[in-house]
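Take the sequences, apply the hints, and build the full model.
Chains as they are written, first to last, in our numbering: chain A, 1 to 357; chain B, 1 to 357.
Hints were generated in silico from the structure; no laboratory data involved. Keep in mind that the hints are not guaranteed to be accurate.
Intra- or inter-copy, both count: the list cannot distinguish identical chains.
Unchecked claim - Below are the BS3-like pairs computed for lysine-lysine, each with C-alpha atoms no more than 30 angstroms apart in a straight line: (1) K252 <-> K139; (2) K138 <-> K26; (3) K156 <-> K86; (4) K241 <-> K350; (5) K162 <-> K65; (6) K174 <-> K65; (7) K162 <-> K29; (8) K174 <-> K353; (9) K162 <-> K240; (10) K252 <-> K29; (11) K96 <-> K114; (12) K29 <-> K139; (13) K52 <-> K138; (14) K174 <-> K162; (15) K26 <-> K96; (16) K138 <-> K162; (17) K86 <-> K96; (18) K48 <-> K114.
2 protein chains.
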Amino acid sequence: MNNRIERVLSNMKAHGLSQLIVSDPKSIKYLTGIEIEPYERLFAFLIKEDGKHVFFLNNLFTVPKTIFEEVWFSDTDDSIGMIAEKLSGGTLGIDKTWAARFLIPLMERRPDVKMVLGSDCVDDSRAIKDDTEISIMKKASEINDTVMHKALDFIKEGMTEKQVADFIDAQFIKEGATGSSFTTIVSFAGNGADPHHEPDDTVLKKGDAIVIDQGCMYEGYASDMTRSVVCGEPSDPEYKKVHDLVRQANEKAESIIKPGVKLCDIDAAARDLITDAGYGVYFNHRLGHFIGQTDHEQGDVSSVNQNTVKPGMIFSIEPGIYLPGRFGVRIEDLVLVTENGCEVLNHEDKHLKSVEY
Amino acid sequence: MNNRIERVLSNMKAHGLSQLIVSDPKSIKYLTGIEIEPYERLFAFLIKEDGKHVFFLNNLFTVPKTIFEEVWFSDTDDSIGMIAEKLSGGTLGIDKTWAARFLIPLMERRPDVKMVLGSDCVDDSRAIKDDTEISIMKKASEINDTVMHKALDFIKEGMTEKQVADFIDAQFIKEGATGSSFTTIVSFAGNGADPHHEPDDTVLKKGDAIVIDQGCMYEGYASDMTRSVVCGEPSDPEYKKVHDLVRQANEKAESIIKPGVKLCDIDAAARDLITDAGYGVYFNHRLGHFIGQTDHEQGDVSSVNQNTVKPGMIFSIEPGIYLPGRFGVRIEDLVLVTENGCEVLNHEDKHLKSVEY
Numbered sequence: 001m002n003n004r005i006e007r008v009l010s011n012m013k014a015h016g017l018s019q020l021i022v023s024d025p026k027s028i029k030y031l032t033g034i035e036i037e038p039y040e041r042l043f044a045f046l047i048k049e050d051g052k053h054v055f056f057l058n059n060l061f062t063v064p065k066t067i068f069e070e071v072w073f074s075d076t077d078d079s080i081g082m083i084a085e086k087l088s089g090g091t092l093g094i095d096k097t098w099a100a101r102f103l104i105p106l107m108e109r110r111p112d113v114k115m116v117l118g119s120d121c122v123d124d125s126r127a128i129k130d131d132t133e134i135s136i137m138k139k140a141s142e143i144n145d146t147v148m149h150k151a152l153d154f155i156k157e158g159m160t161e162k163q164v165a166d167f168i169d170a171q172f173i174k175e176g177a178t179g180s181s182f183t184t185i186v187s188f189a190g191n192g193a194d195p196h197h198e199p200d201d202t203v204l205k206k207g208d209a210i211v212i213d214q215g216c217m218y219e220g221y222a223s224d225m226t227r228s229v230v231c232g233e234p235s236d237p238e239y240k241k242v243h244d245l246v247r248q249a250n251e252k253a254e255s256i257i258k259p260g261v262k263l264c265d266i267d268a269a270a271r272d273l274i275t276d277a278g279y280g281v282y283f284n285h286r287l288g289h290f291i292g293q294t295d296h297e298q299g300d301v302s303s304v305n306q307n308t309v310k311p312g313m314i315f316s317i318e319p320g321i322y323l324p325g326r327f328g329v330r331i332e333d334l335v336l337v338t339e340n341g342c343e344v345l346n347h348e349d350k351h352l353k354s355v356e357y
Numbered sequence: 001m002n003n004r005i006e007r008v009l010s011n012m013k014a015h016g017l018s019q020l021i022v023s024d025p026k027s028i029k030y031l032t033g034i035e036i037e038p039y040e041r042l043f044a045f046l047i048k049e050d051g052k053h054v055f056f057l058n059n060l061f062t063v064p065k066t067i068f069e070e071v072w073f074s075d076t077d078d079s080i081g082m083i084a085e086k087l088s089g090g091t092l093g094i095d096k097t098w099a100a101r102f103l104i105p106l107m108e109r110r111p112d113v114k115m116v117l118g119s120d121c122v123d124d125s126r127a128i129k130d131d132t133e134i135s136i137m138k139k140a141s142e143i144n145d146t147v148m149h150k151a152l153d154f155i156k157e158g159m160t161e162k163q164v165a166d167f168i169d170a171q172f173i174k175e176g177a178t179g180s181s182f183t184t185i186v187s188f189a190g191n192g193a194d195p196h197h198e199p200d201d202t203v204l205k206k207g208d209a210i211v212i213d214q215g216c217m218y219e220g221y222a223s224d225m226t227r228s229v230v231c232g233e234p235s236d237p238e239y240k241k242v243h244d245l246v247r248q249a250n251e252k253a254e255s256i257i258k259p260g261v262k263l264c265d266i267d268a269a270a271r272d273l274i275t276d277a278g279y280g281v282y283f284n285h286r287l288g289h290f291i292g293q294t295d296h297e298q299g300d301v302s303s304v305n306q307n308t309v310k311p312g313m314i315f316s317i318e319p320g321i322y323l324p325g326r327f328g329v330r331i332e333d334l335v336l337v338t339e340n341g342c343e344v345l346n347h348e349d350k351h352l353k354s355v356e357y
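Here it is in structure tokens:
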């Protein structure tokens, strides 16, 4: 743990910050081991360059004694005033998630303190997984592969999206995961053209395209993968071509990942292939996102992210093409950046296959 | 819907605000009917006094055409710049939930605009339920009563907390709810002394105190209630006295609710009774919270809330006494403020009873 705080302090120094309020509960867990779901209540960890870090805790939170200074308050105490007192003058870094209901009153209480976004100091550290995190995340993806394989065996003509999603969720538990890491997506035919469609009572018909996007939680870390398959012969004559293209875009992007490559260049590798084939307008999202304690962590693989890839980073590669009213195809793996390339954490075959009909 | 926006505009006028950014997805749904779960992405609705309201939407969101101006952006667009452009000078109200990752960059882009907390303009309107909302919330509490009754019949010595919680969650679905409105709390013996204990494998033994805090979602609205019971004769000699006291505190508070009464006075009615009996230090949370589209909505029944009660408000009354290592007792109802008093929405008996052993 302390090693993690040291990394954050060193990032703070590089950003010229002597103090930082961490509010993302996952970041606080990452740095201190203390896990709380604060809902609408204030929960914050103040990191100071002099090492005198302070925990701000509502007395409704059940927390073992920490090694940090603890400031406890009740629902009716002036908790913002308590934070204001602990700040030095100058600049204060603020975590990305901190809500306006805390931030604005704190600004009003300490007009002498300049508040800037400081989350990168923690998030850049969280983005690079250590050995423990890597072994947990590999296992989470292993479970995800197993369940995806089972799901593809399970789906049959006549089933509803919900039925399949329920099956997947149940299998996660059976395979040792604690649950799904986001709402399992199972989309048939035209529903697949909405990347975030939620499973409903749509029934699978012969010829339908299918998108399955699923992930599980294992020991506090997430997995995430997508496969696109079809029920029999695809009824849409363009489907096979689009499926091939998306798979190639996925493989192309994965093939160039190694330390030093820019994230925007990885996005471009997949996007250019799709754009050149005339489908650029139908690939309407970034190529990938970072992942760890939650399905989406800070950081993405997009055309505007100039940051370079470093060993230990884990992110998704998920090109997609969505033809409104017709179908969608998305193929997604998680990749772990290694010293000289990357390891793809998902192994379920990506080529077009048909489920039972 | 438009009536709701009118109410917000009138609140804005009273607060001296000509523009307000609404970011809480439930508030946006309340005002526009548009429901999105944006996760980490920007989703905002700008209300302007001249009626030229603007929606800010990521092109990954699936939204039917609205009657408002729509500004669409992709993950890589400068969405904060797009908001900055639409603002007038002067003061801008900001919703309580807006995250620092949006707010701080917007402040940096528009240093000429003073940003203040403005959520009350929407939340004060949301706090007063209209007829449609009231009838949905009554039904949600009816289901909650039914399921609580079933749960008390179901619990037996030897069961685990998780078993009981799973039963409750399954019954919600069976009774027509869409799910639970928060993690169902079932706490045995000493676990009950943590108000937010989550169900685990603790086994119910004869003499144990039991706390059940549960709620369901029905047509987008939440219910919430708590009952405290025992398995056989309570093993702790102080239990009966504490149970009586908490029930009396609950009933006392409910008896004084009517339009015009201050929320802090309702809190005091329950708290004084508990404090006078020497248990004040063991009642470590506010008396209640507002509720609606989520289990906890803005607004509470606490010692610092000087606001007065108005017809149409729905909130919880939930005094509790928590004796560390021994047991907890909490008794919670939802109440609806009427023209000349209040209607208690939960009907399951509050007196001490024993489950099967």
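Right, here's what the structure says about each hint:
1. K252 <-> K139: Within one copy, since 25 angstroms is at most 30 angstroms while 54 angstroms is not.
2. K138 <-> K26: Close inside one copy (19 angstroms), not across copies (36 angstroms); limit 30 angstroms.
3. K156 <-> K86: Classified as neither; 61 angstroms inside a copy, 50 angstroms across copies.
4. K241 <-> K350: within (14 angstroms within a copy, 65 angstroms between copies)
5. K162 <-> K65: between (44 angstroms within a copy, 27 angstroms between copies)
6. K174 <-> K65: Answer is neither; intra-copy 35 angstroms and inter-copy 42 angstroms both fail.
7. K162 <-> K29: between (33 angstroms within a copy, 25 angstroms between copies)
8. K174 <-> K353: within (25 angstroms within a copy, 37 angstroms between copies)
9. K162 <-> K240: Classified as within: same-chain Cα gap 25 angstroms, cross-chain 47 angstroms, threshold 30 angstroms.
10. K252 <-> K29: Neither. Shortest intra-copy (36 angstroms) and inter-copy (41 angstroms) distances fail the 30 angstroms Cα cut-off.
11. K96 <-> K114: For K96 and K114, the Cα distance is within 30 angstroms both inside one copy (16 angstroms) and across copies (20 angstroms).
12. K29 <-> K139: Within one copy only: 20 angstroms inside, 39 angstroms across.
13. K52 <-> K138: neither (36 angstroms within a copy, 50 angstroms between copies)
14. K174 <-> K162: Both: 18 angstroms inside a chain and 17 angstroms across chains, each within 30 angstroms.
15. K26 <-> K96: both (12 angstroms within a copy, 21 angstroms between copies)
16. K138 <-> K162: both (28 angstroms within a copy, 29 angstroms between copies)
17. K86 <-> K96: Both. Shortest intra-copy (20 angstroms) and inter-copy (23 angstroms) distances satisfy the 30 angstroms Cα cut-off.
18. K48 <-> K114: both (15 angstroms within a copy, 29 angstroms between copies)
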